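Number of protein chains: 2
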Amino acid sequence: MDTSALFHLLNQKVRLLSKELNEHLQKHDLYTSQWTILYVLSQKGPMSQTDIWQYLKVEAPTMTRTLARMETSGWIHRKPGKDKRERIVVLTEEAKEKLPDVMKTIKQFEQQFVAHISNSEQDQLYHLLEKLGTKRSDE
Amino acid sequence: MDTSALFHLLNQKVRLLSKELNEHLQKHDLYTSQWTILYVLSQKGPMSQTDIWQYLKVEAPTMTRTLARMETSGWIHRKPGKDKRERIVVLTEEAKEKLPDVMKTIKQFEQQFVAHISNSEQDQLYHLLEKLGTKRSDE
DNA sequence: GTTAATTATTTACCTGGGTAAATATCGGAG
DNA sequence: CTCCGATATTTACCCAGGTAAATAATTAAC
Chain W
1 MDTSALFHLL
11 NQKVRLLSKE
21 LNEHLQKHDL
31 YTSQWTILYV
41 LSQKGPMSQT
51 DIWQYLKVEA
61 PTMTRTLARM
71 ETSGWIHRKP
81 GKDKRERIVV
91 LTEEAKEKLP
101 DVMKTIKQFE
111 QQFVAHISNS
121 EQDQLYHLLE
131 KLGTKRSDE
Chain G
1 MDTSALFHLL
11 NQKVRLLSKE
21 LNEHLQKHDL
31 YTSQWTILYV
41 LSQKGPMSQT
51 DIWQYLKVEA
61 PTMTRTLARM
71 ETSGWIHRKP
81 GKDKRERIVV
91 LTEEAKEKLP
101 DVMKTIKQFE
111 QQFVAHISNS
121 EQDQLYHLLE
131 KLGTKRSDE
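Chains as they are written, first to last, in the numbering used here: chain W, 1 to 139; chain G, 1 to 139.
If you're looking for bench data, these hints aren't it; they were derived computationally from the structure.
No experiment lies behind these values; they were computed from the predicted model shown.
Misleading hints may appear alongside valid ones.
DSS-like, lysine-lysine: derived pairs with alpha carbons at most 25 Å apart [to be verified]: (1) W/K131 / G/K131; (2) W/K131 / G/K107; (3) G/K19 / W/K131; (4) W/K107 / G/K135; (5) W/K13 / G/K82; (6) G/K13 / W/K44; (7) G/K13 / W/K135; (8) W/K79 / W/K44; (9) G/K96 / W/K19; (10) G/K79 / W/K135; (11) W/K27 / W/K104; (12) G/K79 / G/K107; (13) W/K107 / G/K131; (14) W/K19 / G/K107.
Produce the complete structure using the sequences and hints provided.
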């Protein structure tokens, strides 16, 4: 069992995935990671920065940086919360208007990327991936 | 079929994989990406930079940068080839000495990471991943 | 043989992942 | 009330992926 080859393939596919998605998102002035954040906000509504990085399992400074870029490019706004330490992230009106169009691009690309595997294979893949990792899945 | 969830999981697992492997490689003064290059060189012998980036499916500037770091830290040496444009990358003697020890760390970590899936599941996972992507697999 | 296209590498600059340490604010112990 | 630990965010600095454009050297065309 060549586990190294498996990890190598895993890395390459994920890199390819985000590279190609970035290309498709270019026409919306957006990047893959930024899309992930927009999507979470559109589903869950306004969240503090900590809520977001914990949910996406990324470190806090990464979130600070990406949100700063997204604020500059007009996708989000950060308003003060009741607690003066935290900042609540909300989608701008322009973002809300543009979202359906972006969503269309994403869906189309995702379908292309899984074109050669069936729905049940997607399911299998998901469950196999879930089992990867050194940590227990229930934490 | 929530394809977005599949891609999200894929991203998270790969990020986790390289983050944790980086932690384990720290004691060897090495990073995941650098290990990948060392491994290729140990298997295939001296290669030009172009050989390496094409094999690893990475862009040329990424390779230039990482090799420069690896030369500074003493893992590799870049010697001129017959063609004055190209540089041939070779492992240093120290690198060859240290390799077996690094290999041990890698193998141990990899086994931990796949601990919850069987050999045949690893095989399934590999073949499912192979089918992902927008390009035909034969190019 | 000189010129033009191609090839190998590099430089400059972007996004995005990480860690360590600095602020700033909040909350609880005393 | 004061001080001290915890929490939210930021800053500074890594590594690693990308693109566009600049060199440098080789090859092909004429």
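| Going through the earlier hints one by one, which of them does the structure break, listed in rising order? | Those not satisfied are hints 5, 9, 10, 12 and 14.
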